[in-house]
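*Asks:* Sequence:
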Amino acid sequence: MQNLFIVTAKYMFIILLAFYVFLSYIALRDGKKQSHNAALSVQSLIIYTIHLCGYIIIYMNLEKDSVVIFYGAQLIYFVVFKGLFGVIYEKAYHKGLINNMCMMLVIGFIMLSRLSYEKAVKQFIIVVMASVLALAIPWIVSRAKALVTMSYIYCFAGIAFLATVLIIGQLSYGAKLSIEIAGFSFQPSEFVKILYVFFIASLLNKSTRFKYVAVSAAFAGLHVIILVLSKDLGSALIFFIVYIVMIYVATCRFFYFGAGIIAGSGAAYMAYKLFYHVQVRVQAFVDPWSVIDTGGYQVAQSLFAIGTGGLLGLGLYKGVPRTIPVVEQDFIFAAISEEFGAFFALTLLILYINCFLCFIKISMKQTEMFYKLVGLGLAVTYAVQTILTVGGAIKFIPSTGVTLPLISYGGSSILCTVIVFGIIQGLAVHSNIQEAENGKKE
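Residue numbering for the sequence shown follows numbering that gives the first Met the number 0, beginning at 0 and increasing consecutively.
Each hint should be verified, as a subset may be incorrect.
Lysine-lysine pairs mimicking BS3-like chemistry, simulated, CA-CA at most 25 Å apart [stated by the list, open to error]:
1) 81 to 364
2) 205 to 364
3) 121 to 63
4) 360 to 205
5) 63 to 118
6) 144 to 360
7) 90 to 394
8) 360 to 81
9) 364 to 317
The calculated label-pair distances, taken between Cβ atoms and stated as ranges, are [unchecked claim]:
10) 206 to 359: 19 to 29 Å
11) 269 to 139: 37 to 47 Å
12) 18 to 395: 47 to 57 Å
13) 28 to 265: 36 to 46 Å
14) 18 to 321: 23 to 33 Å
15) 348 to 3: 24 to 34 Å
16) 139 to 310: 43 to 53 Å
17) 306 to 63: 28 to 38 Å
If you're looking for bench data, these hints aren't it; they were derived computationally from the structure. Glycine included, C-beta positions come from ideal geometry on N, C-alpha and C.
Could you put the whole structure together from the sequences, leaning on the hints where they help?
*Replies:* Right, here's the structure in full:
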């Protein structure tokens, strides 16, 4: 009976997620209020259905009463979180983006509970705390005018965080990524990603003349250099790409974009020559089988898992994803592919693209350059992080050690990603407030 339910649920997960993603694109493009609201309502039903079925399977395998309590706590969280957003911001927020966030959190909780129940509980607690901030952030972003003028506060705060990690940070897989305070470990670079985007947006909002471009490049380069010295090359790559995209959009000058690509290529070559662990990862990317006993083991196991899962997956608890080192963080996409299947994993990627398009659509609605650049910068950060994580898991690019947004295990990562979604909601609220004010003036 248990095996029958798991097999049936395997197909149901694929169908439901595919239908959910189809509705997400209807909600993204459809301006007709009735069909838009209907799509959002069906999406909510699908979220709760996938959530319930996933935890039924988890309970069957773990046979712990605490799983029922954990599921109930999550259910209450989703209902209350979505409900409070509706009460506080009424029609001003982006409902489709809230649904997408909840769907990815559901998939993350299910997968983490399957891989490590204790880590799933920790992740949930952090998500709840982050969601309290996410409820307040849209109000702050849409009303705090001082955010536009705090360029160097963002800049020096970010540099100070990164420098602290460089000096006293803990080594993890050859890189200094985190610091520990009072028994709690957190990764400042995740928070600095947000400060960094706000800094670039605020400075370029003042002017896009060469003087301001040069200053932004100098401080952006300082951020990247500190990350390189900490050997956090995944974050350094994200910061670099975000900068060249933001500077190109703000100035509309291809020269800056081209110069950035050339400089970045040279820096990547230097990093390969200088850092041994980068050479190991590149070798694992080029030919993981030749170094499978050392640097290539993680990538090889990831490819085995994805290949074993095939198109339809083995079913939840039917694979062996724990054979992949650090599977809950860097390689959770491989675990999803093994047990949910390539169709499910590909559909999940299409959902990530939908979120990116939502970010871009909201940023393009902004009338002020600062808010437009903030939305764009956070969208690119989100997209690049997703590409790096998935690309590393499928051997499309060398592994960079970054997490899959809203799904991978990681306190700092999940906290900051929820905050990013809150900021984007703040931009949506801000644009709706401006439209309402302009309508009254007319």
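*Asks:* All hints, please: hold or fail.
*Replies:* Each hint, compared with the structure:
1. 81 to 364: holds (23 Å)
2. 205 to 364: holds (20 Å)
3. 121 to 63: holds (17 Å)
4. 360 to 205: holds (23 Å)
5. 63 to 118: holds (16 Å)
6. 144 to 360: holds (22 Å)
7. 90 to 394: violated (43 Å)
8. 360 to 81: Holds, at about 21 Å.
9. 364 to 317: violated (46 Å)
10. 206 to 359: 19 to 29 Å: Holds: the Cβ-Cβ distance is about 24 Å, inside 19 to 29 Å.
11. 269 to 139: 37 to 47 Å: holds (40 Å)
12. 18 to 395: 47 to 57 Å: At roughly 28 Å between Cβ atoms, residue 395 and residue 18 fall outside 47 to 57 Å, so the hint is violated.
13. 28 to 265: 36 to 46 Å: Roughly 41 Å apart at Cβ, these two residues keep to the hinted range, so it holds.
14. 18 to 321: 23 to 33 Å: holds (31 Å)
15. 348 to 3: 24 to 34 Å: Cβ of residue 348 to Cβ of residue 3: about 29 Å, so the range 24 to 34 Å holds.
16. 139 to 310: 43 to 53 Å: holds (45 Å)
17. 306 to 63: 28 to 38 Å: holds (32 Å)
Violated hints, in rising order: 7, 9, 12; the structure is consistent with all others.
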